Amino acid sequence: MKSLPLSLLVGSGLTLIFIIMAGLSFVWTPYDVTALNIDQKFLDPSLLHLLGTDHFGRDVLSMIMVGTRNAIAVSIIAVGIGMIIGVPLGLWVAGSRMNGGSFFDEILMRGNDLIFAFPSLLMAIMITAVFGPGVINAIIAIGIFNIPVFARMTRGAAMGLWSREYIMAARVCGKGMWRISYEHILPNILNLLIVQATIQFSIAIIAEASLSYVGLGTQPPMPSLGRMLNEAQTMIFFAPWLAYFPGGAIVTMVLGLNLMGDGIRDVLDPKLRQRKGQDVVA
Amino acid sequence: MKCLLQIMMIWLSGICASFGQNTINLGLQLEPPNLDPTSGAAAAIDEVVYGNIFEGLVRINQKGEVVPGLALFWELSTDGRSYVFHLADGVKFHDGELFDAEDVRYSFNRARAAGSTNAKKYIFEPIVNIDVFDPLTVMITLNHARTDFLFNLGLGDAVIVNESSAANNAFNPIGTGPFKFDKWVRGNSINIVRNDNYWGGAPSLVSATFKIITDPLSAYTAMMAGDIDAFPNYPAPENLFLFNNDANFEVVIGLTAGETILATNNKKAPFDDILVRKAMAHAINRTELINGAMFGNAVPIGTHFAPDHPDYVDMTELYPHNLSKAREYLKDAGYQDGFTVSLKLPPPIYARRTGELIAYQLEKIGIHVEIENMEWAQWIDQVLRNRNFDLTIVSHVEPMDINIYANANYYFGYDNQEFQKIIADIDESSDPRLTSELYKKAQIKIAEDAVNGYLFQLGKYGVWKNNVRGMWDNYPIRSNDLRNVYFEGGN
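For the record, the sequence lines run as chains A and B. One point on numbering: in my numbering, the residue at position 268 of the first sequence is 268, and numbering is uninterrupted. One point on numbering: in my numbering, the residue at position 125 of the second sequence is 1125, and numbering is uninterrupted.
One or more of the hints may lead you astray.
[Claimed, not checked] Restraint ranges, calculated between C-beta atoms of paired labels, are given here:
(1) 236(A) x 1421(B): 35 to 43 Å
(2) 1334(B) x 116(A): 50 to 58 Å
(3) 73(A) x 1215(B): 29 to 37 Å
(4) 1065(B) x 126(A): 34 to 42 Å
(5) 1245(B) x 27(A): 53 to 61 Å
(6) 1132(B) x 126(A): 52 to 60 Å
(7) 252(A) x 1287(B): 35 to 43 Å
(8) 73(A) x 1332(B): 34 to 42 Å
(9) 178(A) x 1214(B): 50 to 58 Å
(10) 1066(B) x 73(A): 57 to 65 Å
(11) 73(A) x 1023(B): 31 to 39 Å
Hints were generated in silico from the structure; no laboratory data involved. It should be emphasised that the depicted structure is a prediction, and the values quoted were computed from it without experimental measurement. Ideal Cβ positions, reconstructed from N, Cα and C, are used throughout, including at glycine.
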């Protein structure tokens, strides 16, 4: 048994901490995050309030727990939207191109280029500004920009596989395009998808924080890491923990996810694994 | 870092002391859309030009009193309908043209003309006639006596402009004031310079620059770095104590004319029921709001009137914070299980913070509030124009604006004939004592009807270097009149 790469261990460790925190917040937080208590405002971190309290006397740790949960929920759904729509689209256009039709492929890929041409965060801000701020619209806005990422990646990887002999064999056997895509292509690109999903997940967390920072994401009273950062801005000179902790949470979570993505790729990607093996021999 | 800042401060103050400072940098949070107070409603216009570039016949000083302006003195006829203004002699506009009674006639006729874009045309509505007796005497006749006419003439909307330059005032304002417009760098700063020929004696400042700083954090760093000498209305009340603890700065907490209210859509169920509005009034905890949202720096109000006004009636104890009473009223109204409403919040930080607290307070009596944060454009469109809202929080910054409650089509939709009669009587009244009584009656009426939730009077948070003198402490009107500003120890 080969030892797991360090990045995977550290990354999944960090991610796990946040997942546990988020999961725990469903059943328990140290304090109620919707209860405001002005008498308790700006308390330094202490044993009573591990990460201090904010300007409304809310417990920062509890807010970070719930904020993390919201960020993770938004990201899971947004990345999910991207995968559920993007992957079949990619499979479809790759399959139809390899079966002689390039019309839809051209349309889809140029459409992809179009979406890629806009900075995704700016477009997400535009979408939420037009359709109103809120979690649902934030999810949709982030989700839309995940579609082309997955569509393009799936298409590229699938095209490479369609020329393989075993696909040829499957076609000779009379399997249809969708069946081949599902039974032979998808399992072979799954590792790529998982790695990409992890990376997209971390991007989605930043996107959610950014939208909330400008007031377009999660709405009060639901805590959100981005909004906590925004509110902490003018208080940073006398209550710096209000900025340090949510900021640190975002950084750590994104770092953890990226490390985990790298680690998964190292483990799953046979090409990489092989090359590494050769390196060792050489 | 702190040490470095301190060294810089000492170095800077050294420079100032040795040369005697006579230019000032002021912080301004909102950039004015233009610089013509007679065509725009934005308070930011007056914050730059009122009293500095433009002057009216009378002026409003920082105590909210009417003092002579371009009219040195005036006589009021016994029926209270005609004012004879005696104008200052030898006054010149900044472009060199002479000011006389014809300019008064032109300015007021322009403001009340059919196509005028003046934001407060009501000021000029009672005017029947403007007679020019001679270049320095003008008589204004009203359809009936109005006790608020002189005060209104002191507002930025009633300043005197010159016919030849009036059309360009939006971007090249030409007035008679102690300062001349110099330049405007969009998004950055507006510069005005001393009018050496000012008829009332030139001010001590040679020039003043209004620097536009929208971000509260930048406001703090700009003050600390010494880029700004004075922030007439500092945007983040939570930072005031930092300046208070710093001997280099002076903090003056004054009042504005801004009644901050929980505006309630009186035409929409369930708020058309006075019991519901009373329940909400009992659920509001003003102390918590002021401590939580304004960090203690605001004055509670119980009606729509400035608490520093002599006619103010303290109605804050009419519906004291009392949750059981609030629940009782809700029960009487048939809403014992509560209901869900939306609260649309405009961008200012006071509205956003107060909104979160209000939502929390109303939740306690079973009213579930969904907060919707929006930009000004959206807010004006949805709330102010189309009255598509349940609740909102906003500060009404106009002075003496209780008459908005007489307008049944105003956004909160208060349609009460008794109240409308009171305001009509105020308009008709020529007796100051009666007017004062009527204003009190009006305040009590809207407080009893719990038209809106009356929260607090917005403070004016003045922060300036400890050697700045002569800044306004209060904002009876939105003005940063710089004529008396100077630096202690300067020349």
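Hint check results:
1. 236(A) x 1421(B): 35 to 43 Å: Violated, since residue 236(A) and residue 1421(B) (Cβ atoms, about 53 Å apart) do not stay within the stated range.
2. 1334(B) x 116(A): 50 to 58 Å: holds, 56 Å
3. 73(A) x 1215(B): 29 to 37 Å: holds, 31 Å
4. 1065(B) x 126(A): 34 to 42 Å: This hint is violated: roughly 49 Å between Cβ atoms.
5. 1245(B) x 27(A): 53 to 61 Å: Because 43 Å falls outside the window, the suggested range is violated.
6. 1132(B) x 126(A): 52 to 60 Å: holds, 56 Å
7. 252(A) x 1287(B): 35 to 43 Å: holds, 39 Å
8. 73(A) x 1332(B): 34 to 42 Å: Holds: the Cβ-Cβ distance is about 41 Å, inside 34 to 42 Å.
9. 178(A) x 1214(B): 50 to 58 Å: holds, 55 Å
10. 1066(B) x 73(A): 57 to 65 Å: At 60 Å between Cβs, range holds.
11. 73(A) x 1023(B): 31 to 39 Å: violated, 54 Å
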